[in-house]
Every structure is written in structure tokens, then in C-alpha cells.
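Assemble the complex: chain X is given as a structure, and chain P must be docked to it using the hints.
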Amino acid sequence: MNGMEERIVMSHGNGGVKMQELIREVFLRHFGNRTLNEQTDAAILPADGQTLAFTTDSFVVDPIFFPGGNIGKLAVCGTVNDLAVSGATPRWISVSFILEEGLPLRELEMIVSSLAEEARDAGVEIVTGDTKVVNKGKCDKIFINTAGIGTIREEDRGIGFGRNISPGDAILVSGTIGDHGMAVMNARESFNFTLPVISDCASLNHLIRHVLDRSEGVRFMRDPTRGGVATVLSELAVKTGMGIDIEEQALPVGNAVKAMCEILGYDPLYIANEGKVLMVVSKEETAHVLRLLNDYPLGRDAAVIGHLSGDHAGKVVLRTETGGKRFIGALTGDPLPRIC
Amino acid sequence: MKYIDEYRKKELITALTDEIRRISRKEVALMEVCGGHTMAIHRFGLHSLLPANIRLISGPGCPVCVSARQFIDTAVACSTLPGSILATYGDLIRVPGSASSLEKEKATGSDVRIVYSVLDAVELAAGNPEKKVFFPGIGFETTAPATAAAIVRAKQENIRNFFVLSAHKIMPPVMAALVRDGVRLDGFIAPGHVSAIAGTEMYRPLADESGLGVVVAGFEPTDILQAVLMLVKQLESARPRVEIQYRRSVRPEGNRIAMDLLDRVFELKDDAWRGLGVIPLSGLKIREEYAEWDAERNFDLAVPPSDEPGGCICGSVLRGLKTPADCRLFATACTPADPVGACMVSSEGACAAFYKYRR
Numbered sequence: 001m002n003g004m005e006e007r008i009v010m011s012h013g014n015g016g017v018k019m020q021e022l023i024r025e026v027f028l029r030h031f032g033n034r035t036l037n038e039q040t041d042a043a044i045l046p047a048d049g050q051t052l053a054f055t056t057d058s059f060v061v062d063p064i065f066f067p068g069g070n071i072g073k074l075a076v077c078g079t080v081n082d083l084a085v086s087g088a089t090p091r092w093i094s095v096s097f098i099l100e101e102g103l104p105l106r107e108l109e110m111i112v113s114s115l116a117e118e119a120r121d122a123g124v125e126i127v128t129g130d131t132k133v134v135n136k137g138k139c140d141k142i143f144i145n146t147a148g149i150g151t152i153r154e155e156d157r158g159i160g161f162g163r164n165i166s167p168g169d170a171i172l173v174s175g176t177i178g179d180h181g182m183a184v185m186n187a188r189e190s191f192n193f194t195l196p197v198i199s200d201c202a203s204l205n206h207l208i209r210h211v212l213d214r215s216e217g218v219r220f221m222r223d224p225t226r227g228g229v230a231t232v233l234s235e236l237a238v239k240t241g242m243g244i245d246i247e248e249q250a251l252p253v254g255n256a257v258k259a260m261c262e263i264l265g266y267d268p269l270y271i272a273n274e275g276k277v278l279m280v281v282s283k284e285e286t287a288h289v290l291r292l293l294n295d296y297p298l299g300r301d302a303a304v305i306g307h308l309s310g311d312h313a314g315k316v317v318l319r320t321e322t323g324g325k326r327f328i329g330a331l332t333g334d335p336l337p338r339i340c
Numbered sequence: 001m002k003y004i005d006e007y008r009k010k011e012l013i014t015a016l017t018d019e020i021r022r023i024s025r026k027e028v029a030l031m032e033v034c035g036g037h038t039m040a041i042h043r044f045g046l047h048s049l050l051p052a053n054i055r056l057i058s059g060p061g062c063p064v065c066v067s068a069r070q071f072i073d074t075a076v077a078c079s080t081l082p083g084s085i086l087a088t089y090g091d092l093i094r095v096p097g098s099a100s101s102l103e104k105e106k107a108t109g110s111d112v113r114i115v116y117s118v119l120d121a122v123e124l125a126a127g128n129p130e131k132k133v134f135f136p137g138i139g140f141e142t143t144a145p146a147t148a149a150a151i152v153r154a155k156q157e158n159i160r161n162f163f164v165l166s167a168h169k170i171m172p173p174v175m176a177a178l179v180r181d182g183v184r185l186d187g188f189i190a191p192g193h194v195s196a197i198a199g200t201e202m203y204r205p206l207a208d209e210s211g212l213g214v215v216v217a218g219f220e221p222t223d224i225l226q227a228v229l230m231l232v233k234q235l236e237s238a239r240p241r242v243e244i245q246y247r248r249s250v251r252p253e254g255n256r257i258a259m260d261l262l263d264r265v266f267e268l269k270d271d272a273w274r275g276l277g278v279i280p281l282s283g284l285k286i287r288e289e290y291a292e293w294d295a296e297r298n299f300d301l302a303v304p305p306s307d308e309p310g311g312c313i314c315g316s317v318l319r320g321l322k323t324p325a326d327c328r329l330f331a332t333a334c335t336p337a338d339p340v341g342a343c344m345v346s347s348e349g350a351c352a353a354f355y356k357y358r359r
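From first to last, the protein sequence lines stand for chains X and P. My numbering puts the first residue of the first sequence at 1, with every later residue one more than the last. My numbering puts the first residue of the second sequence at 1, with every later residue one more than the last.
If we strip away everything but chain X, and leave its shape as in the complex, we get (with noise of 0.2 Å):
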């Protein structure tokens, strides 16, 4: 704008409207092919007659250490939840880590080993992996990326795209809202609440494996992490084209997070979770799954929020506590940099 070199800013990558500009307007510009403008949360890919999911992530969170997990942790869980809501069982992850001059190894270790810890419970190997060393002061303590394989059961092979979802399914979430932006949040900046804020850092395959071997209601899956469960309805709506409708009284919200929302000014619809999932169901499994999410601790609070709708076609509107009635759009600016 206004002839200044435009240049990359924080808002670009906040998982809202501006980063999805940047992957419109220079990764897909350049790289656009046919699994990547899917912009799944996985890329489905056929191998042998086998359909293989694929995905990567890096985690640079500040800090690294938080309630609920750490930055070890989060980069396991992050990688097994988009194989997970593309209908895959993860398998195989690599890490890679980028560490600054000067970080203690004693910390170095402990987020090893709750990584180790995670990937054994999430059923995944560790497989490859790579170590990288700057300077200090050209990265922050330490980033790691990890990439993951999963298989995809024929059954599940739709699921990623979302292709059979129609008016009339129910939308659930796998339980409460907002916690690990918040308790990043409350973590790092010194507002000294005395909440017992917690992230929700999780795998969810387990979770999720427990409903679609017991229901063929699931017809699409995503985990609302950055922008929040709002963004990822928003983009929803948007590219099927239907209307979603959101009941504001129905979405599990926890006391703390919704304390430290209404002081902040923030909305828990639009921040991030890293052990929650957003379900599309048929209509008539609605009960079904959401008493199987309740079967395990993962998905204690799970809830229907709303429904796909045939009405305000691209649209998400959310009837409020009180009974009004507004939109919901895809998360814009953003106040809370580096969560995961």
C-alpha cells in the first residue's frame, strides 16, 4: 500500500484471512497443483492402492513451556490431529528442531522426552528426523517442525474433503473452547490471573478412531486450532456454499477461559485449540457420535453447536444468549501471535 514495500507482517500468519492471502497469492501461485489446492488439513494421496495422508507443521510457541504441555508435546499432537480429521490413522512423524546457541539441554530434554511420551501414546514412530543450531538471537530458543504418514481406510477416504456434507448435519465440537490460546496467553504475558487456565494440547486419534469404527455418520472433521472454531466454520461455509447456524448458548465455553475473555475483550470462537475437534454428522447419527465422543475424557464436553442449513448460503450466523442474531466471518486481525 501507498508504494511502501509490502512485507511480511504477524497478522500473515495468524491462520485467518490475511495468511490465507498469502497462501492464495504466493504458495499456491507457485506450487498449485491438484492435491495442494484442496488445502486440506492433510494431503490424500493414492500409493499402491493403499490412500496415504500426509501433513507437516512447525511449532515455534513462546513460551515453551506452558499449563497443560510444552512446545515438544503440542508439535506431536498438532501433526497426529490433521491426520486424524482426514479420516487417517497416523503412523510415522518426523522432527526436526532448530535450536538457538545457549539453550539449556536440560530443557532441550525434557521437551524430548514429553515428545517421546506423546508419540508413544498417540501410537505413532518417531521415524527421521533433523538438528539444526543458529546462533543466538536467530531463533528463539527452539522451533521444531514435524511432518506425519498416516492410512487412510477406504470408508474414510471422504472425510478430508468434506464432499458429502448437506443441509441438515448436526455440527458438533469434542469439548471446551479457547483453553490453549488462553493459557498460552495467560502463560506468557504478565497479567498474573490467577485462573487455572489449562491448554488442551492432545491427540485426538484415539478419539476419533473410537467414532468412525462405531458410526458412518462423520462426514467431515477439522481442528479448529489458529482463527479459532469461528474461522474454521467460516471457511466451511464458504466453500460448500451452505449456511451454518451456531447456537451460542450450546458451545462449551470453561469458566476461566470465559472469565479472561470477557476482561481481554476476546471471543472464545476465535481462539486457537490444539486437542479439540469440529465434527460434520448426518443427522440422523447426531445422538450416536456425540455419545461415543462422550465415552472417552477427550470428549467429556463434547456438544452439538448447530447445523448446516440450506438458508444464507456461505453464510455462519450464530443466535446469541440473548436471542439476536449475527454473522460469524473468518478470523481478520490478531492479537495473539505465536500460540503453536
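In short, the hints are calculated from the structure, not lab data. By construction, the Cβ of each residue, glycine as well, lies at the ideal position given by its N, Cα and C atoms. Hints are supplied without guarantee of correctness; some may be wrong.
Chain P side only, calculated, beta carbon under 7 Å to chain X, not exhaustive [what the hints assert, rightly or not]:
1. Y7
2. R8
3. K10
4. L12
5. V28
6. G45
7. S48
8. A107
9. P221
10. L281
11. A337
12. K356
13. Y357
Structure of chain P alone, referenced to chain X:
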């Protein structure tokens, strides 16, 4: 959640809207002059709950939106001074100046940091004595006392590398200016937090001269609807006056300690408002006694005068003459991701609220 849920109860809201419907006959336009009200009205979808004859219009109550573009240019100039740290409330980061923004300066290497309290900026100065820490002070009677407290503290603790760039403003003159300008209005929903600090006596001349009702409101949906009901009652009975809806926070005399602090550090000056021009005695300037902490008195921050961006109607939106949807840039050239006007970038701006919740 306690102290929140009570004010959002559907039964109360329905009772209020039913009562408004029952007694309201006239076509009325009520202006909320606080960005917090604008956001709450949109966030809770209150427009959709009111009868069609009651129109809520957004006024010049968003501090970021009413700051002239030149102020952003001056803040950008501060951020590019060698050895400077610019500490700011997050809302200002993305506001476009005439050629740059703080976000863009940050990307080119300026040290721009978001703080949640002006006192964090003072601490930043204390911890970095070799740096010059600038704080752009924006906001009305609500935030100005905090800035005053920071300056007083810097003086007490002999912190000499903390500088405030003041764009602080006060509310009553702009409300009077809108009425003088002939903006068609039937009453004001007056700002709750401003009034908690400054009290309600300050609205009396305006109410007496203009014959308009002024009801000071809180920020929950029941607060705002009750304020609407009070204004409607005033209008239907032709008895406009100053009333307080937000009794749990606002007393007629305001907060004396905060106001004394404000008076100690600031004095009134004529000030430029975006879209409204210069309004006499509407801005706050740092007094001579505290000149050492005044960015403008200590650095050459002169920037060329700046026109409003072409096609942007923020000025008319701020005066309640037009709605965001009337702007040809709205949602096309001007979006929250790439804002042209300040009303789109601030989370409390009318265009941002309209874009986010009603588009």
C-alpha cells in the same frame, strides 16, 4: 458466570424488548457514543431485537477511529527514532497512517511492542534505561487517568526515558459538536466507563441546550436495552434529561481521585478529530510541569498534514450520518485484513463491527 450471566438472561431481555415495543411510538435515532457499546450491540445482535422504529447509530466513541491520521504518522515517526521502543495498546498496531503503520514498521525492524497497561510501558522504560520508550496515549476520560498516573509515576521514580504522545480526548465537546452540526438525533446512550470516571454532571449543559436525553449505560445487553427503554420513555413523555442506567458503576460525581490525577497532568487543548475537524477544548495536552515526559515537546516529530484516504467515509460514519454499508470501499477495498479507514481496523470501530457481525 456470576456477574455476567445475570445481565444476559433471555427472559430479562425479552421483558425489556416487549416493554420497548409496547410504549415506543415515534421513529427515533439513538446514538451510542462508545466503541464498547457499538461492539456489544453488534455482538449480542441487539439491532435484530429492537422494533424497526428505533434506530441505533454509532457515534465517535472509538478512540482509535477518532484519532487523526496525522497522529498515526507521528507514532510511526516515534518508532523510527534511533534507540526507541514504541509501546502501545494492541488496537493501534494495524491502523494505517498515510504511508505506513506500526505493524509495518515493526516488520522493517522498529521495536514495537504491545502492552496491556501503560504502567507496563513505564516498567519497560525503567528496565531499558539506554532506550527511549514512547507510549501513544489514546482514549477518553477512561484511559487518560491511567496515562496521567504513569507520567506521575515516571516523575516520582525519576524515569526520564519515558515519553507520552498524547491523543487523549474528552467526550462532551464532541457530543455537542455533533448536535451543532445538525446530525439528526433523538438521544444519546452515553458511555459507561467514561462516566464512571468523569461523572454525569458534564452532560447537563448538553442536555439543557439540545433538549436531548442522555442515558449513561453499562455494557451488557440488558444494560443497553434498559437504557434504550429509558430514552424511549423520556421521548414518549417529552421529558428528556440526564439519567444513569449503569448505577452499579457510575455515580453523578464520578471518580474524584482519577479526575484529580487527570487535571494534575493534563490541560485542555483544541484538538483534531478524524472526520470532524478541530473541536475547541476537546483534547488533552500534557501540562508544562510534566513537559519532560511529553514526546512532542522533546523530539522533532513534525509530520506533513495528512488528508483522509480517498473514498473513505469514516468521517460521516463517525458522525452517524452514514452507515458502513454506504461506503463504496466497505468490504471491497477496505476489510479488517486490509483496512483503509480507522473505523475498520479498530475492534471497536463501527465498520469493523458491521463487517464482523452483520455483513
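- Verify the interface restraint on Y357 of chain P: the C-beta must sit less than 7 Å from at least one C-beta of chain X. Check passed: Cβ of Y357 of chain P comes within 4 Å of chain X, closer than 7 Å.
- Restraint satisfaction for V28 of chain P [CB to CB of chain X, less than 7 Å]: violated (19 Å)
- Query: Does K356 of chain P pass the interface check with chain X, least Cβ-Cβ distance below 7 Å?
  - Reply: Nearest chain X Cβ about 6 Å off; hint holds.
- Per-residue hint verdict: G45 of chain P, partner chain X, C-beta under 7 Å: holds (2 Å)
- Message: Interface hint check: L281 of chain P, Cβ to nearest Cβ on chain X, cutoff 7 Å. Holds or violated?
- Response: violated (30 Å)
- Answer holds if the nearest beta-carbon of chain X is closer than 7 Å to that of P221 of chain P; otherwise answer violated. holds (5 Å)
- Let me know if the C-beta of Y7 of chain P comes in closer than 7 Å to any C-beta of chain X, holds or violated. Result: violated, 10 Å to nearest chain X Cβ.
- Minimum beta-carbon distance criterion (7 Å), S48 of chain P to chain X: holds (5 Å)
- Double-check A337 of chain P for me: the hint is only fine if its C-beta lies closer than 7 Å to a C-beta in chain X. holds (4 Å)
- Task: Hold the hint about L12 of chain P up to the distance rule: shortest CB distance to chain X must be less than 7 Å.
- Result: violated (9 Å)
- Message: Hint K10 of chain P vs chain X: min CB-CB distance below 7 Å?
- Response: Because about 6 Å separates K10 of chain P from the closest Cβ in chain X, which is inside the 7 Å limit, the hint holds.
- Grab the minimum C-beta distance from R8 of chain P to chain X and call the hint holds if it beats 7 Å, violated otherwise. Holds, because the Cβ-Cβ distance from R8 of chain P to chain X comes to roughly 5 Å (cut-off 7 Å).
Hint violations for this structure: numbers 1, 4, 5, 10, all remaining hints satisfied.
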